[in-house]
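With these hints in hand, go ahead and build the complete structure from the sequences.
Spelled out from the first residue to the last, the chains are:
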Amino acid sequence: MIVQVFQYLAGGLMIVGGLFSLLAAVGILRLPDLYTRMHAVSKAGTMGAGLMFVAIAVVSFEVSVILRAFAGFVFLFLTMPVSAHLLARASLLAGYKPSSATDITDLDIKELEE
Amino acid sequence: MNFALVSVILALIWVVITANTSELNLLLGWLIALAALWLVRDQIITPRFFQKMRWVLALIFLFFFELGHSAIKVAILVITPNMKKHLKPGIIAFPLSVKSDIEITLLANLITLTPGTLSVDVSKDHKILYIHALSADNKEELINSIAQGFEKKIMKVFS
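Chains as they are written, first to last, in our numbering: chain A, 286 to 399; chain B, 13 to 171.
Don't take each hint at face value.
Claimed, not checked - In the SDA-like style, the derived pairs of lysine to any residue whose C-alpha atoms are separated by at most 20 Å in a straight line are:
#, chain 1, residue 1, chain 2, residue 2
1, A, LYS382, B, ALA105
2, B, LYS100, B, LEU154
3, B, LYS100, A, ALA386
4, B, LYS85, A, ILE300
5, B, LYS100, A, VAL339
6, B, LYS136, A, SER376
7, B, LYS100, A, TYR381
Don't read these hints as lab results, they were simulated from the structure.
Here it is in structure tokens:
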């Protein structure tokens, strides 16, 4: 009985996680430039992958698997903002212009670190 | 700060990551943990450690709450039919009150996870953080909410 409850819970988590990953992909297709696309990937994408880890932890019933799923979850959430930030920064320094709708009046490109 | 306890926790993390529960592997993990702690011995001895741990936990909780919130918001945005109309992206200059590198790093990472904001870069003098926002029509409000929320909490942890 309790095993089934956990299995349904894990199934639900995987569906929601898959949905977030799908919406992250839709975001990459629909959003206008790299900066706005990074929003979709870094938030919805990480959420999707993170929920998959939680689903594994819920359904495995094995301490070593649960702990490693948890470790994967933590590392994912530690590295994701850094990579999103690095991609945005690299493209800004490389001279990739934000989409024409973007308000960049506050930005002083000379002030950025090389 | 209890070195013995931390070294044992680090050794257990080592066992978890290497997925090898033999005693020999535990011993190896413990030795590596001791070496790592020895390297940072000056930095981790601070007063009021446990009080700060409470702020750290509050920060972690806020982090996950905001991430869920922002993931849902972005997901809704990308399936809105006339998305371009709702999208007013902009780059905002956020004046930093926090000073040290670790505080700025933490704040930048947290900002990336809040709804509609993404850290782009820090100015040369470490006084301004440039943030890309999905809806930048109200800059003052956004700057205020970050300064009152994350930045204040980070200052409490590191003060």
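So, going through the hints one by one against the coordinates:
no. : hint                : verdict
1   : A/LYS382 / B/ALA105 : holds (17 Å)
2   : B/LYS100 / B/LEU154 : holds (14 Å)
3   : B/LYS100 / A/ALA386 : holds (7 Å)
4   : B/LYS85 / A/ILE300  : holds (18 Å)
5   : B/LYS100 / A/VAL339 : violated (34 Å)
6   : B/LYS136 / A/SER376 : holds (18 Å)
7   : B/LYS100 / A/TYR381 : holds (18 Å)
Comparing the model with each numbered hint stated earlier shows that hint 5 is the single one that does not hold.
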